[in-house]
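There are 2 protein chains.
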Amino acid sequence: MDKDLKKYYSLLKEHKLLGGTISLLQWDQETKMPHKGTENRSDQLALMSKILHEKSTNKEYVKAVNTLFDKQEDLDPIDRRSVEVSKRELDRSIKLPAEFVEEYSKIRSLAHKAWVTAKKENDFSIFKPSLSKIIGLTKQYADYIDAGTETYDVLLDDYEEGMKSEDVTEIFSKLKIDLKELIEEVSNQEEKDANAFGSIEYDDDNVERVVIKMLETIGFDFDKGTIGRVHHPFETTLAAIDDVRVNMSYYHKDFASTVTGAIHELGHGLYEQNIDEKYKHTSFSHGVSLGVHESQSRLLENMIGRSRAFWEYFVPVIEEYFSDRVNTSISLDIDKIMNQINYVSPSFIRIEADEVTYNMHIIIRYEVELEMLKPGFNIDELPELWNSKYKELLGIEPNSLSAGVLQDVHWSMGSIGYFPTYSLGNILAGQLWEKFTSDHKDYDSKIRSGDFSQYFEWFKTNVWAHGGFYKPKDLVKNILGTDMNSESLLNYLKKKYI
Amino acid sequence: MDKDLKKYYSLLKEHKLLGGTISLLQWDQETKMPHKGTENRSDQLALMSKILHEKSTNKEYVKAVNTLFDKQEDLDPIDRRSVEVSKRELDRSIKLPAEFVEEYSKIRSLAHKAWVTAKKENDFSIFKPSLSKIIGLTKQYADYIDAGTETYDVLLDDYEEGMKSEDVTEIFSKLKIDLKELIEEVSNQEEKDANAFGSIEYDDDNVERVVIKMLETIGFDFDKGTIGRVHHPFETTLAAIDDVRVNMSYYHKDFASTVTGAIHELGHGLYEQNIDEKYKHTSFSHGVSLGVHESQSRLLENMIGRSRAFWEYFVPVIEEYFSDRVNTSISLDIDKIMNQINYVSPSFIRIEADEVTYNMHIIIRYEVELEMLKPGFNIDELPELWNSKYKELLGIEPNSLSAGVLQDVHWSMGSIGYFPTYSLGNILAGQLWEKFTSDHKDYDSKIRSGDFSQYFEWFKTNVWAHGGFYKPKDLVKNILGTDMNSESLLNYLKKKYI
Chain A
184 MDKDLKKYYS LLKEHKLLGG TISLLQWDQE TKMPHKGTEN RSDQLALMSK
234 ILHEKSTNKE YVKAVNTLFD KQEDLDPIDR RSVEVSKREL DRSIKLPAEF
284 VEEYSKIRSL AHKAWVTAKK ENDFSIFKPS LSKIIGLTKQ YADYIDAGTE
334 TYDVLLDDYE EGMKSEDVTE IFSKLKIDLK ELIEEVSNQE EKDANAFGSI
384 EYDDDNVERV VIKMLETIGF DFDKGTIGRV HHPFETTLAA IDDVRVNMSY
434 YHKDFASTVT GAIHELGHGL YEQNIDEKYK HTSFSHGVSL GVHESQSRLL
484 ENMIGRSRAF WEYFVPVIEE YFSDRVNTSI SLDIDKIMNQ INYVSPSFIR
534 IEADEVTYNM HIIIRYEVEL EMLKPGFNID ELPELWNSKY KELLGIEPNS
584 LSAGVLQDVH WSMGSIGYFP TYSLGNILAG QLWEKFTSDH KDYDSKIRSG
634 DFSQYFEWFK TNVWAHGGFY KPKDLVKNIL GTDMNSESLL NYLKKKYI
Chain B
184 MDKDLKKYYS LLKEHKLLGG TISLLQWDQE TKMPHKGTEN RSDQLALMSK
234 ILHEKSTNKE YVKAVNTLFD KQEDLDPIDR RSVEVSKREL DRSIKLPAEF
284 VEEYSKIRSL AHKAWVTAKK ENDFSIFKPS LSKIIGLTKQ YADYIDAGTE
334 TYDVLLDDYE EGMKSEDVTE IFSKLKIDLK ELIEEVSNQE EKDANAFGSI
384 EYDDDNVERV VIKMLETIGF DFDKGTIGRV HHPFETTLAA IDDVRVNMSY
434 YHKDFASTVT GAIHELGHGL YEQNIDEKYK HTSFSHGVSL GVHESQSRLL
484 ENMIGRSRAF WEYFVPVIEE YFSDRVNTSI SLDIDKIMNQ INYVSPSFIR
534 IEADEVTYNM HIIIRYEVEL EMLKPGFNID ELPELWNSKY KELLGIEPNS
584 LSAGVLQDVH WSMGSIGYFP TYSLGNILAG QLWEKFTSDH KDYDSKIRSG
634 DFSQYFEWFK TNVWAHGGFY KPKDLVKNIL GTDMNSESLL NYLKKKYI
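If you read the protein sequences in the order shown, they are chains A and B.
184 is the number of the first residue of the first sequence in our numbering; add one for each residue after it.
184 is the number of the first residue of the second sequence in our numbering; add one for each residue after it.
The shape of chain A in the complex, shown without the other chains (with noise of 0.2 Å):
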């Protein structure tokens, strides 16, 4: 191999592991780590990303990305969009001096512990001073990356390459008015009935191991990846394709939510494991974009997972799986786990929430976000402004600080701007839907027997291998042949719902 690539691969080796050491200190502070050893760990995570924020910064790096950007054109495909994926990201990180991520890290792992603190307890001043902090250093950040652009496009382009919050306010725009009709349309009148699972004995360590089926079956490798028990469902990657972790909340005691939760983490580990392995070296080798990291696991989670065909399959399994633990016969009504898990109505949950409604929840994080980045915003104001946004577009008024603005992780991690690409995402899934589906006409009778290959294949092949290598647009374009559009979504949901 040439000598800088050679210099620069095995640099950027060095800052992946330091990476995947970060990701680690932060996966285990959600699953294992003890209450007091919080401090420590917020130290260490400190510490950990100035070190990597110095290595991924230094002369040395600097040198080895930029000798190779300037002879581009010589270099193979893979090594290019290598180099210009590290070029991008160094641009951006040498505006952060060192002090700032460092102290930014700190705020970030106390924030985390004062939210979960406030949603137990239900108290938004237990947040609230950490929270202001984030805002403040986010603008910071913001102003570091480029002074010269709005805050929120320079959130925007961390998530989603090239995405500008216009963009983003004009498909909203749209989307909200259909929705808000689709909505009165279709929402259930009767009560919900969550009780579709009420006669198997819910038990964290049970539940487990019929998700682990479920997983295995689908098409999770267990030799290169893990599981683990988090307040907040999510996937880690913590070295690329071959440790892979796939985090479910037991918490709330409901089998549906669990599941759901659990295939919509598992349809972002697929991605991540399924890089193709001539990318492991490289800088992209993970999901492309959030967007399309998130039109994995929805399409996972809602067009299959909330599937009548993919119900059927695991039903019979589930039910001898508690059946043998109780030694009594479980029986399962799958009419009633249907009408449960597509249940529709507008509530204060967005994890809980109905794939309808779903894109709503985001509309009003965007808004509020939009909000809270103006000059001059009070943060007393947040749960009031959250709040009336609910009582706007989806009808409703949070009864809990709780199930209203203390709902979600993302802020107390810094990630502000990150909302928008789970609407995205949701769109995309319809379209790619869509393509699968016109591709496989027997998709349904596939999953209805538990054979996922065409499923697991297909989209092996279109997303899941390509890693970053093509950039988001192009990837959806090679794919679809058109840009990205909300039309397939809706059809989607109108032809389900109506």
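Please note: incorrect hints may appear among the correct ones.
Pairs involving identical chains hold if they fit within one copy or between any two copies, as the list cannot separate such chains.
Derived lysine-lysine pairs resembling DSS-like cross-links, with alpha carbons at most 25 Å apart [unchecked claim]:
1) LYS242 - LYS270
2) LYS233 - LYS186
3) LYS677 - LYS357
4) LYS296 - LYS407
5) LYS233 - LYS190
6) LYS233 - LYS278
Worth flagging that the hints you see were computed from the coordinates, not collected in a lab.
This structure is a prediction, so every number in the text was calculated from the model and none was measured.
Once you've looked at the hints, dock chain B against the given chain A.
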């Protein structure tokens, strides 16, 4: 605070944060990491060790420590001891080149993987090349530290300050004779009935819950610690006092061994959790030596955990838990339990050995290690050497390599010279037990009623709280007014078994 002290403690804190991160990488490798993450983890550990080595041997830190060391007379006792311990560690580590540290760490990580496979497949040849490298690197290590001293003495001194192989050989030579006699006298002749817990349905999740109850009753603080499931039990501290992890093996499906193993690690954990908060920032915020540490784990495992009073309290707890699980009344026979856990007989597996024969396993390993480090030692002869020692000292010959030379994790981690500290710990446990029970003559009835406060307070006050403030020898002298000797242990064993 004095400027030099402030500098020293701020650098020391970084080292401790990085050390804790390395411990987490290792802990995760043992508990949760998927199989294919091994190579990446090995690279991560190597890189992190290199970073820590660089930081803990750079000019800034060397200057900080030496400046304070030179004016140690002016320091208060806590700062003075912290500087003394740091100086000792520093003198050792500046002798190791960074490349050696990285290589050594990498080899150990790969060796560990090879050992797991070798043990599983009962095939020494899988582990042999790694072990050979470990032996070579160990000798190299000792040469870097002090080329003029016997390799084994350099290694021993790492674990037990000031201890010489000459002393160990002397102690072990006497112990070997005493034990041979005692084993012949008290060995059970009838076959072991290992079925005392046969009526409970062994299930990892359920056993774990019972063990957690036991740990809580004895005094483990889950706000400052957690548990993990591992192949080979161990305790690890990720953050002094505040994040202590007791790891247990449930794999052999043997309830009695699961519990005694857990209680053993709990002994280590209680020591680490109960060090005085005022020492948290120092270089000695941990147990003072491996021998003293082991005295705490062995005392809790054997003197308490294998006593009738202990089981008289816990048997009803266990019965109730498992009866509830299966809706049938389960009844355990305490005589059968006592016979099972105190069954004395020469056997192959050290960690399952009874407390009488246990030290013979250590003496064997000590003698094997002395051979292993001799120039010209032929590693192909290691399994045969191992077996012949078992024949000579315990009168039995291992029936497989997994139950023989491949049984322990230690060598795969580079820990040669570590084994003797187990027996030094047993000897000290005998002395501390004699003192504790003469201070509290009603100890037996307290334990029988599930009240561990006497035990907890005595050991917290006399041993745990001090961390590494006193040198091992001084700590022992402070408590006992005498040096270490094996009389108390032999008296305890004779009283219990003859």
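Hint by hint, here is what the structure shows:
1. LYS242 - LYS270: within (13 Å within a copy, 34 Å between copies)
2. LYS233 - LYS186: between (28 Å within a copy, 24 Å between copies)
3. LYS677 - LYS357: Within one copy only: 16 Å inside, 86 Å across.
4. LYS296 - LYS407: between (30 Å within a copy, 16 Å between copies)
5. LYS233 - LYS190: both (22 Å within a copy, 18 Å between copies)
6. LYS233 - LYS278: For LYS233 and LYS278, only the intra-copy Cα distance (14 Å) is at most 25 Å; the inter-copy one is 28 Å.
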